[in-house]
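Student: One letter stands for each residue in the lines below.
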Amino acid sequence: SLPPAVQALIPQAEAEGELQVFGATLNPRQVRAFSQSFNDYYDMDIDLTMSGGLHSAKASEVALAHRAGVPTGIDVFWTGLIAAMAKTGALMEIDWINTYGADPSLAMGPWGLRTHDGHQSMVTVNTGRITAAEAPKTYFDLLDPKWRGRIVMPRSPYPWMAMSYALGEQETVDLLQTIIAKQEPKLLARYADIRARVLSGEFPVAIGTDIFSLQKRGAPVVHPDIDLLVLSSSGAFVLEDAAHPAAAKLWALWAVSPEGQATLEEARSYSLAETPGTALNTYAEGRRVVHVPFDWRLENHDRLSEKFLTILESGS
Amino acid sequence: MSRLNPLWLVYSGALIGLSFVLVSLAGNVVGSFTSDAQFNDFTTDAYVRLLTDPGLPATLMRTLGLGFGSIAVTLTFALPFAWLLARTDFRWKTGLFTLLAAKLAIPGFITAMAYVWLFNPSAGLVNAMLGQTNYTGEAAFDVYQIKWLCMLQGLVLVPGAAFMLIPALRNLDGSLEEAARTAGVPAWKTFRHIVLPLLAPGVMAVAVFYFVVAVEMFDFVAIIAPPGDVLVLTIYEALNAVDGLPDYGLAGSAGVLLFVLSAGAILFYVRFLRQAKKYAVLSGKRRDPGLVRLGKWHGAASAFVWLWVFLTVGLPVITLVWVALVPFIQPPSVGALDNVSLFGFLDGLSYLREPLINTGFVMAGTIIMAMTFAICLTWVVTRSRSKIAPWADALVFLAPAVPAIVTATAFQVMGIAVYQWLPLYGTLWLIMAAMGTRMLAYCTRTMNSAALQIHPELEEAAWVSGLSRWRTFRGVFLPLMAPAIFYAALMVGMLAARDLTLPLIMNSAGTPLVSVLIFDLQTNGETASAAAVALYMIVVLVALALTARKLTGMAEPGLERTP
Amino acid sequence: MISIRGLTAQYRMGKNTVTALDGIDLEIGHGQVFVLLGPSGCGKTTLLRCLAGLETPTAGHIEIDGEVLSDANSGTFVPPEERPLAMVFQSYAMWPHMSVFDNVAFPLKAGRRRPPVNEVPKRVNDVLDLLGIDHLADRSVTTLSGGQQQRVGLARALALQPRVLLMDEPLSNLDFRLQVELRSQLRALMHELKLTTVHVTHNQAEALEMGDRIAVMDAGHIVQIGGPETIYHRPVDEHVARFVGDMNMIPGSVVRWSDGTAQVKTEAGTFLGMTAEGVVLPDGAHCLLGIRPGDVVVPAPADADPNTCLVVTVTDRRFQGDRMVYGLKASGLKTGTITLDVSTHHSVRLGMGSEVRIQLPPDSTIAVKPAPDNRTHQT
Amino acid sequence: MISIRGLTAQYRMGKNTVTALDGIDLEIGHGQVFVLLGPSGCGKTTLLRCLAGLETPTAGHIEIDGEVLSDANSGTFVPPEERPLAMVFQSYAMWPHMSVFDNVAFPLKAGRRRPPVNEVPKRVNDVLDLLGIDHLADRSVTTLSGGQQQRVGLARALALQPRVLLMDEPLSNLDFRLQVELRSQLRALMHELKLTTVHVTHNQAEALEMGDRIAVMDAGHIVQIGGPETIYHRPVDEHVARFVGDMNMIPGSVVRWSDGTAQVKTEAGTFLGMTAEGVVLPDGAHCLLGIRPGDVVVPAPADADPNTCLVVTVTDRRFQGDRMVYGLKASGLKTGTITLDVSTHHSVRLGMGSEVRIQLPPDSTIAVKPAPDNRTHQT
Ligand SMILES: Nc1ncnc2c1ncn2[C@@H]1O[C@H](COP(=O)(O)OP(=O)(O)OP(=O)(O)O)[C@@H](O)[C@H]1O
Ligand SMILES: Nc1ncnc2c1ncn2[C@@H]1O[C@H](COP(=O)(O)OP(=O)(O)OP(=O)(O)O)[C@@H](O)[C@H]1O
Ligand SMILES: [Mg+2]
Ligand SMILES: [Mg+2]
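Protein chains in written order, with this note's numbering: chain U, 8 to 323; chain A, 142 to 704; chain C, 2 to 380; chain F, 2 to 380.
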């Protein structure tokens, strides 16, 4: 049932024999699950390696290596940030829609294929401390004085950048400024720490991280019933000098297939908002969902990040 | 001289080591003048941004406070510990050594985590038990303060500092202490006026080195996040852009600011070593010193040791075990006991094999590289009369002020640049070189202090006996440096096993390392497995350390002399 | 008063133990200069270290003025800084980070037995002056010559004016002239300050000149204790006899011993020899007839008792400053050979190979038991 | 043959310089035992270090057997390991990480002048044996007593059998008996191996006994070079005279000098004194009449020339082993006081306070110029 162009990639990929995807940190068991599902999907036997790390640093390294003509060993860069690589032409331009029959909504610029949607602005509450009734219903509910000293959030501008696309820039600036000034939130540098703190109940409310995978383990945290969901996407980008381009393309196409989506959901609770039945999809139901366009992000990134960072720094 | 003098090996070793350090330093400096992370433009924007920030003076003051506070705590524990191990009849030497080594193997964030659980104002277990929780300060204990940060950083830096001091203490001629004591000078005054000043190169090295480390350390700042910026946060933010490009410009210029802070201390250190002669205490007229009898002070010494052990090893290990037993990270509670399971331990075990082997390989490679460069550098710095040697030494000293991410990037860039001739890019070798370079400063600190203590006459005696400089280096200098080499190697091995940033940025996917495995599990929310793997790692590393100590005969002298 | 009973000290080295002191009993009177004399490695330094509290004795009891400093049975052990003493180290033990002045001043400022602060500079300068190193006061000790360092070590201990002063070869690296000067100055100072002094030296002239009492040690034991003249002229055995100065030893056997005098039969005739107090020589026992090279009268006076005389041939001649030493060999012996060294005033000149008649005056001649040669103590 | 010309060595200490050697000229013959004697701090160790190449001279020229080792003008400097010598350090310079055996064997195994491998153990054992430390071979040097360590240092240098052996107070921490034993053994060994030896000692007996030639140094200069008897009996000045042994100095003035003999007028009368070769005493010059304590004849023989005699009172008495030393004071002087020490055989007993007539034999009495007292060299 696969399009012929895709079918044609399979023997090439088998000849390539292996594939390296950089982007997500997975444990060995999850890597095995990815490999299994991917190979089964095409009935191949390709050696799949998945690895993760710091995306921004890796991206600029890939750009540098590309310029110098040095192979990085990476075939697919699975990420949301590509500016450095795009600028130096390290990314392969692929017409996913016309050549391989992908859904038009999945295109990310001339290069990538959208595989899942991120949600950095999400609010989380600890159910042990806060009942559903008490929980905020809009982002502006976070201004309620009862949350003073009870909010933990990242020192990162990114949640607010996405939000300013959805709420309007000035509104978002005001919102953040007020939170910082009035609510004395705890600002932490790393996302993992934010999750840990809301989990422990030390701070009953967290902004800027999702906890779908924690919920699966029975952790006492939920995303409360907030009217708006802002998403920015990540996708698979094949590198211009990929040693295994056919396998790379196949991997991207697999990731957006139902089988691929199920695997992503299982491992990391990653999914496209529109993939039915996933945690994100379930949560998105009946809510206003705003996708931040890829181009808008590339365009406004520098300006907004400085703007919000300044506000955040005034709070610490 | 036409025949090749093997000492050239030493000079070349030093030169390679130095050039690696330069890669890292240059990476930082070059980075500070770039705006797009591609190093193809030159701009001073970042400096303008950094220096015009009105918050900068306050940030600098806080950073300095953090540095000084941390080393004060570190030295408070490390000096007595080193002394207990090297010079006294303290009964639990092996125990103390083991726990110091164990501490090195415990991931830093766990300690911070444990303290946050116990002492956070809003829900901290201790505050809760006292019925004194409060969301807006005013609780009995509030861990979110610079002084706690200093205390915790200070506590965890103790093992490295102690290991740096032990070789220096072991070289000290015991009769110098004995002379003071028979002259009626009480033990602590002897320590203060004789031992401490004679250890000055060592103590200074520890202080300056750990000052740099303390202001560059991120784990505790990240988790405790006391109010107010410190430089390392600026650097982290600049480099960890979740979207867009790492801001090497800002990180680099903040790093250069760290250099400036450190350079003051380092300059002081360099000047101070001009009077090196004073510290040549390992003389050729030496008698095995007796161990200092602790006598009635033994109890107090033990209590002091146990205090540190409890605060720095006990709490984090208990925390790790707890985290390994529960499905998601949470403070201990009666309710959570229902969920306790051994899943994490089993799961962790199933992942361990390959990463463990790779990590072992990286440890060995890093140790060899760091030791080789460090020994060569130390020899050149302390034994050649060259005027530039002290400055070379100061450069090495600056290296730890370069953030790990920047070092990693600099090595990647270098790896890419020389790929045609030396295809190390993407291999473990490059990681080892980068790690070795980062740890070089620790090694040369430890070794320089020890080398300065060796009285020149010991080498002179070899020369006039017709031994070439090379044979003297091998037969006299190296063996006398053995304790310093051992402790430096131990430290490098431990840090190499634990280091995350370098492998994370430089690792090729085919060779998983334990530290990366722990990070992966952790980011995936599989905290139980992560904690279990960390615990396994602690056990393995401590066993290795103990074996090495035994095999090399480096065990601290025990009660040999007293019947 | 220092009293030491049954003091034993051992060093463990892996599986072996070295017994450095083996049941030492000693009483040292108040204000006495007590000299420890003995071959290298016999345990002198170890004994001082036990007194100072730097070594923990395996057994035995040490007290000073009735205060128990260490007792192996009861486990009493007073740490070094609380003992009322000062010590001069054989290895000097200079504090390299301090100037000469500070090396001496530091214990006076920081020690338990410190004088009033304003007295310190004077005390330091006085003692530096005494030792002739006042002009070096500001120098760093690392720039001093060996002898200069040794004097700083001595100054440091003297400045403390302790009740008990322990000195481990304090003059060994000084030149002769300075040594002689210091010997009498130190002795006078010690008596003036009423210091009890335990002084280790390998120089028997120093020992004899400075010591009120002398203990001769060997292999961890004390072999003889006595005043300088006793030790010199009435050594208990061959070891002591040889140790405190050159002595000619002529083997023989006791013909008759009574009341401190022995008739000893040798290859060259029968001579009289004195024995030390407490020494008994059974008739017929193998013994040695000893006489110091300086005590032999060369040539024998014409009116000398022929029973005390001997004819010898000159075989060797060595110049020794104010003395001339001749190697002599008894002439006309039927069996064996007897050789003697004699030391005469340098004006006495004997031709090599010439024959001369010499006298062994009975009151300078001693009879001692031969000692088994265990000069150094082995494990 | 070692030849040293114009050797000057300075230490810099901050702004100051210490001139440790100031224009030394020396020739040391092949196979000679050359002794350096001088007060503490006069530059003996520095001279050895310059010879060894451990110190870079400020000026001057050193060569051994025609090979230039260092020359300040041309900048020639042969590094220590390439010089054909071995050195015994005043501070021993033991390698603390090695056993006794290895300390001695290491240079033999790894040095430039190594013998065949299979000879090493024998060489080491022989020399350990010679020095009486063979039983310590396996011990770690840090567990040795001071004297034992010193012998290891000596063993290490001897085992190398170098062309030139430099020894810096090699026997200072050994007991008298061992010293005496070693002195003659070392001397024999050096002559047997034809080693040229430069030997620093502060012990004048050792110097006189072992030295073929002796140089007396003071404050960085060489004051006199000569054979032992010359140095002892015909010192060029007061400094040397006093340095090689006790000497009584009676101030006076030259009445007449000719041909090596001076008539010296003192408070107690006019006496004759000899002068050293090359020394000229102008008539009327202030000078000192010197006589060694052992050279004074006590009591004066009845037939002694009254011009050589003197009546004195006994003021002090000190026992010194084979000698008795008396402090004497000239009786009946009109102005000034003259004190003398005399050393007599211990059988000569004089009562304290008694008067006695003594003789100063002219051929044992010398006349020297007084030396300004600059015993130690200052900056
Ligand atoms: N490193 C140094 N720095 C400055 N001065 C020094 C140094 N070493 C020696 N001196 C000085 O040089 C002079 C000569 O020293 P040297 O060690 O040669 O004396 P020495 O004759 O061996 O004395 P001793 O018999 O006491 O060993 C002394 O005044 C000493 O203080
Ligand atoms: N730390 C030690 N370990 C083992 N044996 C030792 C130690 N210190 C000394 N000894 C041994 O104990 C014995 C006595 O040593 P001590 O230093 O008391 O001798 P000494 O009489 O002072 O000799 P010297 O005159 O040579 O200084 C020696 O045989 C020595 O080798
Ligand atoms: Mg001793
Ligand atoms: Mg000297």
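Read the hints as simulated data drawn from the structure, not as lab findings. Where is the CB? At the ideal position from N, CA and C, for every residue including glycine. It is possible that some hints are incorrect.
[Stated by the list, open to error] Distance condition first, Cα-Cα at most 25 Å in a straight line; then the derived PhoX-like pairs of lysine-lysine:
1. A:234 x C:123
2. F:123 x F:110
3. A:691 x C:370
4. F:195 x F:266
5. F:16 x F:123
6. C:195 x C:110
7. U:94 x U:144
8. U:153 x U:189
9. F:16 x A:528
10. A:330 x C:16
11. U:223 x U:144
12. U:314 x U:189
13. C:370 x A:330
14. A:528 x A:234
15. C:330 x C:370
[To be verified] Derived, one-sided and incomplete: chain A residues facing chain U with beta-carbon distance under 7 Å:
16. 363
17. 364
18. 472
19. 473
20. 560
21. 646
22. 661
23. 666
Student: For every hint, state whether the structure bears it out.
Tutor: Structure-based check of all given hints:
| no. | hint | in the structure |
| --- | --- | --- |
| 1 | A:234 x C:123 | violated (45 Å) |
| 2 | F:123 x F:110 | holds (13 Å) |
| 3 | A:691 x C:370 | violated (52 Å) |
| 4 | F:195 x F:266 | violated (48 Å) |
| 5 | F:16 x F:123 | violated (51 Å) |
| 6 | C:195 x C:110 | holds (23 Å) |
| 7 | U:94 x U:144 | violated (41 Å) |
| 8 | U:153 x U:189 | holds (11 Å) |
| 9 | F:16 x A:528 | holds (19 Å) |
| 10 | A:330 x C:16 | violated (36 Å) |
| 11 | U:223 x U:144 | holds (23 Å) |
| 12 | U:314 x U:189 | holds (19 Å) |
| 13 | C:370 x A:330 | violated (53 Å) |
| 14 | A:528 x A:234 | violated (41 Å) |
| 15 | C:330 x C:370 | holds (23 Å) |
| 16 | 363 | holds (4 Å) |
| 17 | 364 | holds (5 Å) |
| 18 | 472 | holds (5 Å) |
| 19 | 473 | violated (10 Å) |
| 20 | 560 | holds (4 Å) |
| 21 | 646 | holds (5 Å) |
| 22 | 661 | holds (4 Å) |
| 23 | 666 | holds (5 Å) |
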